[in-house]
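The opening position of the sequence shown corresponds to residue 249 in our numbering, with each subsequent residue numbered one higher.
I should point out that these hints are in silico values taken from the structure, not numbers from a laboratory.
Here the structure is a predicted model, which is why all the values come from computation and not from measurement.
For each residue, glycine too, the CB sits at the ideal point set by N, CA and C.
Heads up, a few of these hints could be off.
Simulated restraints on C-beta separations [unchecked claim]:
no., residue 1, residue 2, range
1, Asn274, Ala380, 23 to 31 Å
2, Ser263, Glu333, 39 to 47 Å
3, Asn252, His364, 15 to 23 Å
As a list, the in silico DSS-like pairs of lysine-lysine whose alpha-carbon atoms are at most 25 Å apart [what the hints assert, rightly or not]:
no., residue 1, residue 2
4, Lys370, Lys358
5, Lys280, Lys329
6, Lys370, Lys325
7, Lys321, Lys275
8, Lys325, Lys278
9, Lys278, Lys256
10, Lys257, Lys278
11, Lys391, Lys341
12, Lys323, Lys391
13, Lys370, Lys391
14, Lys323, Lys356
15, Lys280, Lys342
16, Lys358, Lys321
17, Lys356, Lys374
18, Lys374, Lys341
19, Lys342, Lys329
20, Lys356, Lys283
21, Lys342, Lys325
22, Lys391, Lys358
23, Lys325, Lys275
24, Lys341, Lys321
25, Lys329, Lys283
26, Lys275, Lys323
27, Lys329, Lys256
28, Lys374, Lys323
29, Lys321, Lys257
30, Lys391, Lys321
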Amino acid sequence: MGNNEVLKKAFDLLSRRAHSTQELRNKLYKRKFSKRDIETVIAECERLNFLDDELFADNYAAELSGQGKGRFKIKMKLRDKGLSEAHIEQALKKPGDCEQENAEQALKGKLRTLIHEDDINKRRQKAYRFLAYRGFSSDIITKLMDNTEELQYTR
Numbered sequence: 249m250g251n252n253e254v255l256k257k258a259f260d261l262l263s264r265r266a267h268s269t270q271e272l273r274n275k276l277y278k279r280k281f282s283k284r285d286i287e288t289v290i291a292e293c294e295r296l297n298f299l300d301d302e303l304f305a306d307n308y309a310a311e312l313s314g315q316g317k318g319r320f321k322i323k324m325k326l327r328d329k330g331l332s333e334a335h336i337e338q339a340l341k342k343p344g345d346c347e348q349e350n351a352e353q354a355l356k357g358k359l360r361t362l363i364h365e366d367d368i369n370k371r372r373q374k375a376y377r378f379l380a381y382r383g384f385s386s387d388i389i390t391k392l393m394d395n396t397e398e399l400q401y402t403r
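Go ahead and model the full structure; you've got the sequences and the hints to work with.
Now the structure itself:
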């Protein structure tokens with residue numbers, strides 16, 4: 249198999265959606281292309297700016313943040329894409345400004361189902377687990393829960 253076939257497959261994959269370098273490399277390896285051909289094609293895709301891990305990390309982090317994901321969840325998903333720690337940290341600086349608002353929005357939506365729970369302890373536990381699963385820090389979760397009327401203990 250030659251570079252043209254590998255390049256054609258790489259272009260096909262990249263035309264569907266953006267990929268990280270490692271993600272594209274893994275997909276090409278699965279198709280049994282030679283390591284030398286894959287590395288040549290990866291270099292060519294980078295030269296043509298079809299692959300840019302920094303831009304991919306920024307865009308993917310912004311997309312996840314827009315979906316209401318917290319910092320820890322975004323970090324985990326960026327790692328899953330095979331991005332370097334430098335690219336991950338750079339990308340996390342951008343959507344981090346709205347993490348509090350994302351947590352508020354996520355909890356606001358979840359409160360519609362939680363309001364039916366009569367036991368305040370269970371309601372608080374469910375809210376905490378929901379937000380933690382979404383990747384929000386315990387500091388943000390605790391602060392948000394303490395300021396949310398539906399999750400406060402009656403005094």
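field: Violations among the numbered hints
entry: 2, 3, 6, 15, 18, 20, 29
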